[in-house]
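There are 4 protein chains.
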Amino acid sequence: MSYAERMLQNTSSKPSMDAQALAECIKACLDCEQACTACADACLGEQDTKMLARCITLDLDCADVCAATGRVLSRQTAFDMAMARAVLQACTQACKLCGDECATHAQHGMQHCQVCMEACRRCEQACNQLMAA
Amino acid sequence: MSYAERMLQNTSSKPSMDAQALAECIKACLDCEQACTACADACLGEQDTKMLARCITLDLDCADVCAATGRVLSRQTAFDMAMARAVLQACTQACKLCGDECATHAQHGMQHCQVCMEACRRCEQACNQLMAA
Amino acid sequence: MSYAERMLQNTSSKPSMDAQALAECIKACLDCEQACTACADACLGEQDTKMLARCITLDLDCADVCAATGRVLSRQTAFDMAMARAVLQACTQACKLCGDECATHAQHGMQHCQVCMEACRRCEQACNQLMAA
Amino acid sequence: MSYAERMLQNTSSKPSMDAQALAECIKACLDCEQACTACADACLGEQDTKMLARCITLDLDCADVCAATGRVLSRQTAFDMAMARAVLQACTQACKLCGDECATHAQHGMQHCQVCMEACRRCEQACNQLMAA
Chain A
1 MSYAERMLQN TSSKPSMDAQ ALAECIKACL DCEQACTACA DACLGEQDTK
51 MLARCITLDL DCADVCAATG RVLSRQTAFD MAMARAVLQA CTQACKLCGD
101 ECATHAQHGM QHCQVCMEAC RRCEQACNQL MAA
Chain B
1 MSYAERMLQN TSSKPSMDAQ ALAECIKACL DCEQACTACA DACLGEQDTK
51 MLARCITLDL DCADVCAATG RVLSRQTAFD MAMARAVLQA CTQACKLCGD
101 ECATHAQHGM QHCQVCMEAC RRCEQACNQL MAA
Chain C
1 MSYAERMLQN TSSKPSMDAQ ALAECIKACL DCEQACTACA DACLGEQDTK
51 MLARCITLDL DCADVCAATG RVLSRQTAFD MAMARAVLQA CTQACKLCGD
101 ECATHAQHGM QHCQVCMEAC RRCEQACNQL MAA
Chain D
1 MSYAERMLQN TSSKPSMDAQ ALAECIKACL DCEQACTACA DACLGEQDTK
51 MLARCITLDL DCADVCAATG RVLSRQTAFD MAMARAVLQA CTQACKLCGD
101 ECATHAQHGM QHCQVCMEAC RRCEQACNQL MAA
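Protein chains in written order, with this note's numbering: chain A, 1 to 133; chain B, 1 to 133; chain C, 1 to 133; chain D, 1 to 133.
Calculated from the structure, these hints are not laboratory results.
Hints may contain errors.
Said to hold, decoys possible - Think about it this way: if two alpha-carbon atoms lie no more than 27 Å apart in a straight line, the pair counts; the simulated DSS-like pairs of lysine-lysine are: (1) K50/C - K14/D; (2) K14/B - K50/A; (3) K14/C - K50/A; (4) K96/D - K96/C; (5) K14/D - K14/C; (6) K96/D - K50/C; (7) K14/B - K50/D; (8) K50/D - K50/A; (9) K96/A - K14/B; (10) K14/D - K96/C; (11) K14/A - K50/B; (12) K14/A - K96/B; (13) K14/A - K50/C; (14) K50/B - K96/A; (15) K50/B - K50/C.
Unchecked claim - Simulated restraints on C-beta separations: (16) K14/D - Q107/B: 42 to 50 Å; (17) D100/A - A103/D: 35 to 43 Å; (18) K14/A - A132/D: 34 to 42 Å; (19) S2/B - M17/A: 34 to 42 Å; (20) Q125/B - M81/A: 18 to 26 Å; (21) Q111/D - M51/A: 18 to 26 Å; (22) Q125/B - S16/C: 39 to 47 Å; (23) K50/D - M131/A: 35 to 43 Å; (24) Q111/D - Q9/C: 18 to 26 Å; (25) Q125/B - A82/A: 14 to 22 Å.
For glycine and all other residues, C-beta sits at the position ideal for the given N, C-alpha and C.
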């Protein structure tokens with residue numbers, strides 16, 4: 001069981017949203033933040049860094065948005081749905097943009113972009129599922 | 001001149017948006033992040049912390065969203081407008097929610113909420129002006 | 001396999017430190033950041049918030065330090081050992097202080113503090129092991 | 001007057017350290033975080049990005065450490081000196097490393113590195129002065 005799940009189960013307040021979708025989304029945000037941070041770094045080690053400038057930028061942006069989203073969702077005691085929706089929408093968009101950019105480089109053999117794309121797609125999906133729940 | 005302005009002037013890429021509105025928005029995001037972080041902390045020192053649980057939560061949320069927004073806007077080399085719009089919309093909403101909550105406590109004499117509300121209003125306005133520019 | 005492990009394996013640069021200890025430390029930092037963020041929030045929902053002010057503060061501090069540490073460690077392409085040591089030392093100290101505080105509340109039945117203490121202890125240990133590696 | 005100063009004056013708890021040195025250090029951390037974020041981005045727009053990989057990495061690392069430090073210092077209600085010292089030491093080191101790296105590129109005409117170096121030097125000094133106070 002992840003720490004996010006354990007924390008949700010050991011908090012006196014009831015989670016504001018479906019607990020499983022919430023825990024998955026928090027975890028997906030953390031993983032995506034890490035994958036994006038590492039992908040931006042791995043891009044710096046590639047031969048043609050210039051071609052990867054947009055990827056590096058979207059990676060860094062997406063990491064920051066995912067970090068904020070994971071934190072907002074982790075605060076359940078005085079949860080505010082409008083705040084959550086605002087960051088979830090931004091996170092969905094950030095993951096979509098970054099995932100699309102990584103997809104093009106993954107097709108040209110950049111494996112870190114492949115892993116990062118998967119993390120972005122999963123996070124985008126988890127955000128959408130949480131908003132639908 | 002702020003560091004944000006100096007950095008914008010000393011970068012080879014041209015800023016994607018009106019440079020003055022951009023520098024002001026970056027600065028407003030940083031200030032709002034700090035004011036919200038300090039306001040959440042000051043709320044912890046008040047007598048009736050329970051009543052301030054929502055304020056503390058929105059402060060912490062708003063600080064995280066402002067931090068992400070300030071960073072995304074600081075990246076101009078491979079700037080992506082869709083990414084910027086997504087975080088600016090989230091930031092506008094976060095500052096509105098947090099500013100409204102702080103306003104109610106400011107009316108009851110909490111001066112840190114008064115200062116924080118001002119930082120939130122200014123940041124909300126700067127985000128709106130940047131999106132309109 | 002965690003995203004951190006997959007990213008380390010799919011980056012052209014060789015990790016600067018023992019890859020397994022590095023991946024574990026990155027993961028422990030992310031988990032500890034999340035557990036601390038959620039513990040600060042859960043403390044807000046407890047009856048005697050005043051008594052928990054120090055716990056909330058150390059939780060928030062520790063979350064921020066863990067976040068920075070996880071990111072620094074995720075950047076391996078132009079890794080700088082002095083930078084890594086500096087943040088690892090801060091992180092070890094932050095996790096020790098926060099873990100000790102949570103331990104006292106865990107003894108009085110606060111289960112979120114128990115989970116958070118475990119995350120802090122694990123992160124402290126992972127940082128120490130990485131510095132020893 | 002900065003928001004950091006106004007927040008310190010409008011909080012019921014007395015600041016744990018010299019208020020002026022504290023406000024200056026918080027402000028220097030925020031400015032340095034922003035300058036480092038923008039410098040990493042500006043480096044991406046330069047012709048020889050490869051040569052700047054270490055600068056970009058140290059910029060990103062330093063931004064993250066400064067962000068954490070500015071937040072820890074902004075929390076004064078249940079301030080913990082050991083926590084503050086740990087992050088201040090990491091921040092001093094991060095600013096030293098990043099400032100030194102930027103200094104070498106500033107000498108070769110990179111103006112964003114010049115501005116970033118100044119932000120790093122100021123933050124390093126502010127951290128040292130706060131630890132001495």
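Q: State the violated hints by number, sorted upward, taking the hints as numbered earlier in the document.
A: 5, 6, 14, 16, 18, 24
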